[in-house]
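Construct all of the structure, not just a fragment, from the sequences and the given hints.
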Amino acid sequence: MDTTQLLKGVLDVAVLAVVAREDGYGYDVVRRLRAGGLDDVGEASVYGTLRRLYASGALTTYVVPSDEGPHRKYYGINAQGRAMLEAQRKDWHAFATAMTDLLDEGDLR
Amino acid sequence: MTAVTDHALVLDHVAAYATAVRGQLDDLGPEQVDDLTDGLEADLAEALEDPAAAPAGDHLLDLARRFGPAEVYAAELRAAAGLAPRAGRAPAGRGTGVVHGVLDAGRRTAAAARDAAAPLLARPPVRWVVTQARALAPLWWVVRAWCVYVIVTGIASIWYHAPGAERYVPRSVGGVLLLVGLVVLSVRIGQAGRPRDVLATPALAVLNLLALVALPTFVGDAHAELAGRAGASPSTVYVETPVYVTTPPEDGVRVDGMLVSNLFVYDAEGNPLSDVQIFDDRGRQVRTTYDDGMQDWALPGVDELWAFGARTDADGRARWNVYPLRGAPADAWTLDQETGERTADGELRTPPAPFAKAPALVAPDPTSDQAATATP
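Chains as they are written, first to last, in our numbering: chain A, 1 to 109; chain B, 1001 to 1376.
Hints may be right or wrong, so weigh each one.
To be verified - Distance condition first, Cα-Cα at most 20 Å in a straight line; then the derived SDA-like pairs of lysine to any residue:
| # | chain 1 | residue 1 | chain 2 | residue 2 |
| --- | --- | --- | --- | --- |
| 1 | A | 8 | B | 1082 |
| 2 | A | 8 | B | 1083 |
| 3 | A | 8 | A | 64 |
| 4 | A | 8 | B | 1076 |
| 5 | A | 8 | B | 1075 |
| 6 | B | 1357 | B | 1275 |
| 7 | B | 1357 | B | 1269 |
| 8 | A | 8 | B | 1269 |
| 9 | A | 90 | A | 70 |
| 10 | A | 8 | B | 1079 |
| 11 | A | 8 | B | 1275 |
| 12 | A | 8 | A | 35 |
| 13 | A | 8 | B | 1084 |
| 14 | B | 1357 | B | 1299 |
| 15 | A | 8 | A | 54 |
If you're looking for bench data, these hints aren't it; they were derived computationally from the structure.
Here it is as structure tokens:
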């Protein structure tokens, strides 16, 4: 199955979940998503998602200068983001349960 | 290669790739582009150097292979951020006027040029040249400030109809302040990097291009002006200076400023002598004529003109220092048209002497001479 299409729908909640655990910069978030099992996640997609979530007011951001190279832009979650994450978490569980049931039923036949 | 230079090289390539990505976002507002790509270099660099993501290899220096073409990367970034795909032309509202149309066309051309140049810029020798050129950028900032200074003083000289004394080099406090101000401004603009203002980028590009084109002319003019100041006056000034010309020495014998044609020699008793050879103190022949018989001479008391001939010595050489010179009246000579030689028809003779006998010299008195030497 083409997981890229699946990812598109859930990338927001995945990114929110990762940032909710700990503040992170672009590639740091990518690495943690990949470590969590989302191997096919596109870097530019994650960066774009971070910017969009920030623009919608779900994330805060701050810049950390680096001694050995360009500065890093960190993202952190705020109250609005946590509320969004909670709502989407519920939606996902409902959706996932429905899908699991659906697929398991199909499997039994 | 050390890890440090490796890292620096990666950062160079990352900067080039990030620039190409930003070029693909040029239809967005500067703030939006900033928002989308702030920290992009750090993310790209870390992704490149992350051994878990992909094994280190030649993709390290070919970012398009690792991240895909800048165009695709930018499109993904844009889509994930919830922005519309790249517009073919500037969206309405950002200006529909001619100026904005020209600016958009310029931006698109610049972006296309950046995209086309990105793979070339990623090559190490090209990167090296670009890095060196960037190191010289501060010098250029000063040079272009000077170019603007020359343009400003040029306009001022036209405005006031006066040749600018400070056209190229400031000579007054005002001129120095103007030049210093322009240099400070130029350096600050240079340090600020790419301007974010919509109009500033093309304006700066035009200014840089203008300065670059005008620079050779300005340097040439300034050199000529400074050379003129240091040495010759720029305008021609005529000064009357007396010049003493040394006339070349003329051969011959002169008496009282008049050229002498012949010499007559008399002995101590005043009797005329003939066939007397005369030499100077260095043994050179004393000649009165140098025309070798071709010229006619007016003689005192003689109506007709005379020409002179040479005597011949024992070795057959012509001698012109044997006096009195012998000659003949001009019409007694025949000119051979073929050889150009002039030969006398008859025997040469001595022209009339000024006088038959010269005054005799007083013979020295031997007794008085002895007395003079004997007397202490």
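Here is how each hint holds up against the structure:
At roughly 12 Å between alpha-carbon atoms, residue 8(A) and residue 1082(B) fall within 20 Å of each other, so this suggested pair holds. Restraint check: the Cα-Cα separation between residue 8(A) and residue 1083(B) comes to about 15 Å, which is no more than 20 Å; the hinted pair holds. As the CA atoms of residue 8(A) and residue 64(A) are separated by approximately 29 Å, the hinted pair breaks the 20 Å bound. In summary, the hint linking residue 8(A) to residue 1076(B) is supported, as the alpha carbons are separated by about 11 Å, within the 20 Å threshold.
Between residue 8(A) and residue 1075(B), the direct Cα distance comes to roughly 15 Å. Compliance with the 20 Å bound is thereby established for this hinted pair. At most 20 Å may separate the alpha-carbon atoms for a hinted pair to count; residue 1357(B) and residue 1275(B) meet this at roughly 17 Å. A distance of roughly 9 Å separates the Cα atoms of residue 1357(B) and residue 1269(B); the hinted pair therefore holds under the 20 Å criterion. Among the hinted pairs, residue 8(A) with residue 1269(B) is inconsistent with the structure: their alpha-carbon atoms are about 146 Å apart, more than 20 Å.
Restraint check: the Cα-Cα separation between residue 90(A) and residue 70(A) comes to about 38 Å, which exceeds 20 Å; the hinted pair is violated. With a C-alpha separation of about 11 Å, the suggested pairing of residue 8(A) with residue 1079(B) holds against the 20 Å cut-off. Among the hinted pairs, residue 8(A) with residue 1275(B) is inconsistent with the structure: their alpha-carbon atoms are about 136 Å apart, more than 20 Å. Only pairs whose Cα atoms come within 20 Å are accepted, and residue 8(A) paired with residue 35(A) is accepted, the gap being roughly 18 Å.
Distance restraint check for residue 8(A) and residue 1084(B): the Cα-Cα separation of roughly 16 Å lies within the 20 Å cut-off, and the hinted pair is therefore satisfied. Restraint check: the Cα-Cα separation between residue 1357(B) and residue 1299(B) comes to about 19 Å, which is no more than 20 Å; the hinted pair holds. Among the hinted pairs, residue 8(A) with residue 54(A) is consistent with the structure: their alpha-carbon atoms are about 18 Å apart, no more than 20 Å.
Hint compliance for this structure: hints 3, 8, 9 and 11 are broken, all remaining hints hold.
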